[in-house]
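Peer 1: Sequence:
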Amino acid sequence: MYDVMRVTFAVAMLLFCFAISAQAADMGEIHSGETKTGNIAIADQTDSYTFYGEENQAAVIEMAASASDLGPAIYLYRPDGTLETEVIGGSSYNRVAIREHLLEQTGIYTIVTSASLAGGTSITGRYVLSLLLIPGATSSEQDPDGGAIVSGQTGNGTISPRSDTDAFVFYGEENQAIVIEMVASGSDLGSVVYLYRPDGTLETEVIGDTNCNRVVIREHRLEQTGIYTIVTSASWAGGTSETGGYVLSLLLIPGAASSEQDPDGGAIVSGQTGNGTISPSADTDAFVFYGEENQTVVIEMVASGSTLGPAIYLYRPDGTLETKVIGGSNYNHVVIGEHHLEQTGIYTIVTSASWAYGTTATGGYGLSFIKAPPTPPSGIYNPVPTNGATIIDPNQSFRWDAIAGATGYDLYFGEGVITPLEKVGANLTTPEMPFPEMNLTRFTTGMWKLTYPMTLSKALTGGSRPKPYLLLISHIVP
377 MYDVMRVTFA
387 VAMLLFCFAI
397 SAQAADMGEI
407 HSGETKTGNI
417 AIADQTDSYT
427 FYGEENQAAV
437 IEMAASASDL
447 GPAIYLYRPD
457 GTLETEVIGG
467 SSYNRVAIRE
477 HLLEQTGIYT
487 IVTSASLAGG
497 TSITGRYVLS
507 LLLIPGATSS
517 EQDPDGGAIV
527 SGQTGNGTIS
537 PRSDTDAFVF
547 YGEENQAIVI
557 EMVASGSDLG
567 SVVYLYRPDG
577 TLETEVIGDT
587 NCNRVVIREH
597 RLEQTGIYTI
607 VTSASWAGGT
617 SETGGYVLSL
627 LLIPGAASSE
637 QDPDGGAIVS
647 GQTGNGTISP
657 SADTDAFVFY
667 GEENQTVVIE
677 MVASGSTLGP
687 AIYLYRPDGT
697 LETKVIGGSN
707 YNHVVIGEHH
717 LEQTGIYTIV
727 TSASWAYGTT
737 ATGGYGLSFI
747 KAPPTPPSGI
757 YNPVPTNGAT
767 IIDPNQSFRW
777 DAIAGATGYD
787 LYFGEGVITP
797 LEKVGANLTT
807 PEMPFPEMNL
817 TRFTTGMWKL
827 TYPMTLSKAL
837 TGGSRPKPYL
847 LLISHIVP
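Going by the numbering used here, the first residue of the sequence shown is number 377, and it counts up by one from there.
Hint data in this document are derived by calculation from the structure and do not stem from the laboratory.
These figures come from a predicted structure and were not determined experimentally.
Careful, some of the hints might be misleading.
Have a look at the derived ranges for each label pair, beta carbon to beta carbon [to be verified]:
1. Glu599 / Thr672: 32 to 38 Å
2. Thr672 / Glu808: 16 to 22 Å
3. Asp575 / Ser467: 32 to 38 Å
We put the CB at the ideal spot given by N, CA and C, even for glycine.
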């Protein structure tokens with residue numbers, strides 16, 4: 377009888393423990409762009425979260441201890457109930473991530489969280505869990521950071537709580553050059569940038585090191601055409617914090633040199649002195665000009681009304697970095713002097729902060745540009761609407777000066793920020809075309825942009841291969 381009572385008591389205690397575990401589990405749905413919190417309250421507890429995923433979608437899942445020393449572990453189960461992948465934290469690890477994984481099935485996936493049981497960690501404690509699907513929602517009501525970003529724009533966000541990840545999307549084309557900069561803002565956040573291809577695979581990354589609050593992707597050319605995703609996170613490096621605010625800037629080369637949010641930059645001609653402001657930190661401005669191989673250029677950047685540390689990067693028409701000059705300690709003036717251009721086409725000057733000792737990371741500046749010989753080469757001049765013009769009346773026309781030797785023109789037009797341009801005029805015989813039909817309700821949003829790169833379909837000296845010219849930007853606002 378005694379043995380029977382002991383068995384009965386043991387079974388009752390097990391059932392009681394299982395009941396507590398079931399009550400403690402934080403189960404439910406998690407959506408792309410969300411960050412959830414949970415608590416492994418007792419040993420051997422597991423929590424589960426479900427989401428709908430499609431085959432070949434990329435999944436970014438991150439779990440980190442929150443106000444605890446919990447050792448995290450993630451198990452990802454397919455819709456058919458089999459284990460697809462897992463990541464288990466090692467000794468003294470309080471953060472794990474699934475970062476380069478494409479889903480293998482379509483349906484309801486299950487994320488199971490638990491303690492890793494690794495040395496130097498606790499078997500209970502609170503945690504946070506984040507999910508991003510690529511392609512998928514980049515933000516949520518719970519975490520509104522992220523969304524669409526365009527060339528020439530500087531966005532911002534906050535990594536909070538720990539393990540939070542934000543996502544920004546843009547349309548890019550194969551072989552376009554990209555400049556992405558992320559800097560902590562009002563915090564000691566350790567910065568990280570992950571760039572995902574349109575097919576969901578990881579293309580490149582940059583992770584800040586010890587005491588590093590700024591990271592940059594500066595010499596990279598896109599490998600695919602389509603919607604790219606920038607994922608921001610914390611580096612967890614020594615001397616940095618795991619949460620905090622940040623700013624993020626994007627430039628595509630060739631691409632828009634300015635945006636409605638950041639109007640600095642644009643076209644610059646020989647003999648002109650432009651100006652701008654690097655603000656907030658991580659801001660980058662771009663100026664474009666047409667140059668020919670072996671022409672000589674002199675580019676000078678000087679802080680104006682500030683102690684900004686200046687830096688200049690000169691990109692070739694093919695998007696590769698041709699030369700640069702970065703100011704040293706206490707330097708507020710830099711020059712690219714008597715440089716001979718290596719290619720023919722549209723060059724891009726990118727201005728930024730040097731972050732050198734004795735200088736500031738934000739501030740105003742002036743930029744002067746001289747090109748010799750100054751004779752303007754063949755190209756598109758006097759375009760209407762001009763760069764940055766406000767469009768209110770749709771009953772207008774695109775116009776530009778006739779180009780000697782051209783036998784026809786192709787005109788491209790696009791609305792929105794992440795869609796490819798559409799050819800609206802093919803082999804035009806005159807340098808003019810009425811605006812295409814547009815939905816007037818878009819004028820009231822204040823968010824649309826008009827982008828039209830023009831190309832020559834044929835030129836007497838260039839054969840039948842289209843020759844690209846300057847990308848022009850106009851804004852549609854109320």
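Peer 1: All hints are to be evaluated individually against the structure, with a verdict given for each.
Peer 2: Hints, verified against the model:
1. Glu599 / Thr672: 32 to 38 Å: holds, 34 Å
2. Thr672 / Glu808: 16 to 22 Å: Taking Cβ atoms as reference, Thr672 and Glu808 lie about 35 Å apart, which means the hint is violated.
3. Asp575 / Ser467: 32 to 38 Å: Taking Cβ atoms as reference, Asp575 and Ser467 lie about 35 Å apart, which means the hint holds.
Checked against the numbered hints given earlier, this structure breaks only hint 2.
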